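For this one, chain F is given, so just place chains P and S on it according to the hints.
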Amino acid sequence: MLRWFPALTLVLFLGPVAAGLVGTWAPAFGYLPSLGGSGFSLDPWRQLLAEPGLGKSLALSLGTGFAATLISLAIVLGFLASCHGRRPVVLVRKLLAPLLAVPHVAVAIGFAFLASPSGWAARLVSPWLTGWDRPPDIATAPDPLGIALVCGLVLKEVPFLLLITLGALGQAPVDRTLAIARSLGYGPATAWAKTVLPLVWPQIRLPVFAVLAFSLSVVDMALVLAPGTPPPLAPRILRWFNDPELGRHFLAAAGASLQFLLVAGSIAVLYGGERLAARLGRRWIAAGGRGRSGRASRRAGMGAMLLVFAIGLAGILGMAIWSLARRWRWPDALPSAWTGDNWMRQAGALAWPGWTTVTVAVAAALIAIALVLGCLENEQRNGVTPGSRVLWLIYAPLLAPQIGFLFGVQVLFISAGLDGSWVALVWGHLLFVLPYVFLALADPWRRLDERYARTARCLGAAPDRVFWRIKLPMLLRPVLFALAVGFAVSVGEYLPTVFAGGGRFATLTTEAVSLASGGDRRVIGVYSFLQALLPWIGFMLAIGVPAWFYRQRRGMKVFAA
Amino acid sequence: MTMRWIAGLAAAFVLALTLPAGAQEKLDWQEVRNKAHGQEVFWNAWGGDERINAYIAWVGTRVKAEYGVTLRHVKLSDTAEAVRKVLAEKTAGRNEGGTVDLIWINGENFKAMKDQGLLFGPFAEQLPNFRYVDVENKPTTRLDFTVPTDGLEAPWGMAKLNFVYDSATLANPPRGIPAILAHAKANPGRVAYPAPPDFIGTTFLKQALYELVADPAVLQQPPGDNFDAVTGPLWAWLDELTPHLWRSGKIYPKNGPALIQMLDDGEVDFAISFYPAEASSAIASGKLPETARTFVLDRGTIGNTHFVAIPYNANASEGAMVVADFLMSPEAQARKENPEYWGDNTVLAMGKLDDAGRKLFDELPRGAATLAPEELGLTLPEPHPGWMTRIEKTWLSRYGS
Amino acid sequence: MGTSDGALRLRGVTVSLDGQPLIAGLSLDVAPGEVATVMGPSGSGKSTLLSWICGSVDPAFAIEGRIELDGHDITGTVPEARRVGILFQDDLLFPHLSVGENLAFGIPRGVGREERRKRVADALAEAELPGFEDRDPATLSGGQRARIALMRTLLAEPKALLLDEPFSKLDAALRDRVRRFVFDHATERGLPTLLVTHDPDDAAAADGPVLEIGEGGEVEARAAGEGPPVVRKAGTI
Chain F
10 MLRWFPALTL VLFLGPVAAG LVGTWAPAFG YLPSLGGSGF SLDPWRQLLA
60 EPGLGKSLAL SLGTGFAATL ISLAIVLGFL ASCHGRRPVV LVRKLLAPLL
110 AVPHVAVAIG FAFLASPSGW AARLVSPWLT GWDRPPDIAT APDPLGIALV
160 CGLVLKEVPF LLLITLGALG QAPVDRTLAI ARSLGYGPAT AWAKTVLPLV
210 WPQIRLPVFA VLAFSLSVVD MALVLAPGTP PPLAPRILRW FNDPELGRHF
260 LAAAGASLQF LLVAGSIAVL YGGERLAARL GRRWIAAGGR GRSGRASRRA
310 GMGAMLLVFA IGLAGILGMA IWSLARRWRW PDALPSAWTG DNWMRQAGAL
360 AWPGWTTVTV AVAAALIAIA LVLGCLENEQ RNGVTPGSRV LWLIYAPLLA
410 PQIGFLFGVQ VLFISAGLDG SWVALVWGHL LFVLPYVFLA LADPWRRLDE
460 RYARTARCLG AAPDRVFWRI KLPMLLRPVL FALAVGFAVS VGEYLPTVFA
510 GGGRFATLTT EAVSLASGGD RRVIGVYSFL QALLPWIGFM LAIGVPAWFY
560 RQRRGMKVFA A
Chain P
8 MTMRWIAGLA AAFVLALTLP AGAQEKLDWQ EVRNKAHGQE VFWNAWGGDE
58 RINAYIAWVG TRVKAEYGVT LRHVKLSDTA EAVRKVLAEK TAGRNEGGTV
108 DLIWINGENF KAMKDQGLLF GPFAEQLPNF RYVDVENKPT TRLDFTVPTD
158 GLEAPWGMAK LNFVYDSATL ANPPRGIPAI LAHAKANPGR VAYPAPPDFI
208 GTTFLKQALY ELVADPAVLQ QPPGDNFDAV TGPLWAWLDE LTPHLWRSGK
258 IYPKNGPALI QMLDDGEVDF AISFYPAEAS SAIASGKLPE TARTFVLDRG
308 TIGNTHFVAI PYNANASEGA MVVADFLMSP EAQARKENPE YWGDNTVLAM
358 GKLDDAGRKL FDELPRGAAT LAPEELGLTL PEPHPGWMTR IEKTWLSRYG
408 S
Chain S
26 MGTSDGALRL RGVTVSLDGQ PLIAGLSLDV APGEVATVMG PSGSGKSTLL
76 SWICGSVDPA FAIEGRIELD GHDITGTVPE ARRVGILFQD DLLFPHLSVG
126 ENLAFGIPRG VGREERRKRV ADALAEAELP GFEDRDPATL SGGQRARIAL
176 MRTLLAEPKA LLLDEPFSKL DAALRDRVRR FVFDHATERG LPTLLVTHDP
226 DDAAAADGPV LEIGEGGEVE ARAAGEGPPV VRKAGTI
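Residue numbers (our numbering), protein chains in the order written: chain F, 10 to 570; chain P, 8 to 408; chain S, 26 to 262.
Keep in mind that the hints were calculated from the coordinates and are not lab data. No experiment lies behind these values; they were computed from the predicted model shown.
Think about it this way: if two alpha-carbon atoms lie no more than 25 Å apart in a straight line, the pair counts; the simulated BS3-like pairs of lysine-lysine are:
#1 F:Lys65 x P:Lys257
#2 F:Lys566 x S:Lys194
#3 F:Lys65 x P:Lys400
#4 P:Lys33 x P:Lys359
#5 P:Lys192 x P:Lys213
The shape of chain F in the complex, shown without the other chains:
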């Protein structure tokens, strides 16, 4: 039974991705019998290339995607290199979970509230400092170049990369390595870059690729922060998919396939860049430069990181304040009249999407955790040691652009008669929840001292009893943490909800996206703050429940995630 778990997991999870790619590429070459496309044709690609402003859309996607990835990576590495072992790292570690938990859309909305010309930032300094008695007519969020989108992505990707890198650092002999390098006369940041970075890079490379893939093809954040005339490629594809002229479907499929090629090509470029950097880096390391004391770089590294956290958290705070505002006119720094009415009035409207959000997220996270536990347990019981290739498989849904295969997934669901059903929705979310749950749980699970299990078995406990009585309770905290991660990922999913839900299901995320396009900031504040709040509650429970449960067990603190 247990032996089937890896196969079952792969089928459940890679099956739709593969079928989705086929279901997207076939119409891109003219094949979609239900719409009358029965033969091979290059027309969809011709149509695509003839779209006005396609070049602009592509440039916007590429520019924002690469900029967001490289800036995020630079901020994370710069910060860790310059501040290793210092107090800011401890502080940032503590603030990491709340920022990590916030869904992309909420981050985007928070940033737009903050950075638009009439946003909170401008209000705080106007008119006394800026002299603006009206919001200036400058395009900031959104702006024509996509800078706001890059900022939004950076706010969201920095915490993710930071989490991954901190995790990788925890598994490498960092302190000893650094001590040796320092004793050889290297400055702190230089020592980190020359000795620690090469140690941890293999573990953060895939996540960096995933960040690039995501940034190149993000839809929900782009709908809030990117310019609309024309939008980047991914939201534009969504527009084509939704076009009432069904013939545009072929064009959309070709666009989705182009998006896939764009991501694949970009990953290849980044891979090449990594190779080049490694070669140059080796020469740089061998050259023996010791670097400076690093005070200036420390300031820069710390400043950039703290700025990211400050903006991210201020955005969320801004949403919370808007949700409680009755009147908040430019250029008041705070609302002139407060009210709880926004929440009260939305209570009825929130019930259905809120319920869908929670039930789908709980179901997807529970299924994911069951599958992941089954795989990990199988790995330990049957001595299967997964190679690094399996990790690529796990990352597949994160590396392939969502819009590049979700349409095909929808076709799959329709032919299975599942479209627009709750099952399809949960399944669609599972594709993206599972990798994160796996990444969150695999390390703590594998790190558990296997002698506990051996001891238990020698005490006469069968493997199942060892699993339920020893491993699961001992790893309760990482298991709940992984569950909370899965819950948070599901809460934030936009495209899978749109495609798998067939429009019959609304979640807080889809509601927030549709409201964010215009509407009342106070109501947007309610939706996006609630959307951020749900994952927080999840994480708080994941940390609080085991802490309360094991409050009498000092030894369990070691097993904190």
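Below, chains P and S without anything else, positioned relative to chain F:
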């Protein structure tokens, strides 16, 4: 046996010819209500305005209590999405159990669905509350953008383009299309309109076309070879206006409510709305200052009726009819006209209502920012939907990419 | 099949990793109540030997040979059915369970509640920790934890005991006392005991046969007590 069957068919055929359209089979309302009970109705409706969403949520609680119908508001950013869904289902052969039960619709989307046989019905004129509809004085309740409704959609509200400004900061709002251009030139960055295909955006363009075209009568016919000649002045006007728009026309607001927010922030001098009581409603909910007021254009503004329709493959057509009927009830119509909730004018005729019904409307607050009916000016009929479709396309290629 | 005399017998055991032999041709008899010692440098495969005997060896190791316990061949038996108890360097008390629950975990299933409670109490009394049922194991001293770990193993009613350097982490003063406690209990219950260590003091205290694993995997055995080492290659004792 066969003979009797043929005779029956012939009789039915004769009967169908003699009866007025839409009454071929009499709707058994009690049976509809029975079937509707317990149904889940997925209403695909534009979801960009929080007040309208709240109104729809209220409808949901009322039909739940009254008829046992569970209403789900599927919020769209463009009604075309729902049209596409039904069309995709038809293409895939899903002729029953469709995912859309009710659509908030009018204009080119209605025409598209009607032309392609995607609508259920006729049903609208057999709904019990249709008898209150003011079909005599509000002909657009049966003529949607020049297209006859044929009972395939039920009228829901009367919209009329109007403009909202803050009287504290703007003394003389521009009351004409040329005046708007002059205002933008004198106040760069202070004028904006939502990007088509948002309906406020497209209606603003049609409004401009009305005032710029030599003979507005051509707009009542479908566009043909004359499209370039007729719309030429519109593009010339837009070319001149665009550099002076908000964000120099590089970024556009997404919809009407976004414009209201921008007006409140002081980013633009006026917002555009379809609901005559928008300004009062926005004041009531704290979205605009007390000094907000409404203005219309001197040569009249476009008015239309918006409807609800049921797709041919709806899963819960009975539940959808019950909702459509409730939407035409005096209770629902009066609440809709109330600026505290929405501020959209009724489709009903006061003269057809009983005293209790009329009282509901008499007691409505008018709101200081709402123009009296006589101040609302001339109502221009919607052009044929073909104009809208082609204007949208041309706009997208000229300014949207 | 051998006789049911309670002894632990290893026959022709070869442990290799990636084709490299770590232990070559080890055979050993441990009589009930006897403590045999296996000594060798780290990486010599001695801990692997113990994992193999209790049935939970890493599949990366290739192992040949046979294990007999009390006259039964247990080589292919699942760990929980072998009735072989093991103690490690660390006490490995389950941190999420109380002291009493840790002990109760060892008691075979099918024993009634009242009886379980009594056995736990008796074991605590034997470990000179009466009334410690509800204590958090993390609050105990190293010596106390070691004693609880042994009692937990004994409550599972093993037929043999394996000791994987269980005293190496205790400080010198404590080490001797704990060692005495463990050996006395093993002897008292007549358990054949196999100790793995690199501390000669452990071997001396065990007072049983000693095997030393050399560089090439050859096994050098000494009889109980004193006397010069006698090298026997791949043979029997």
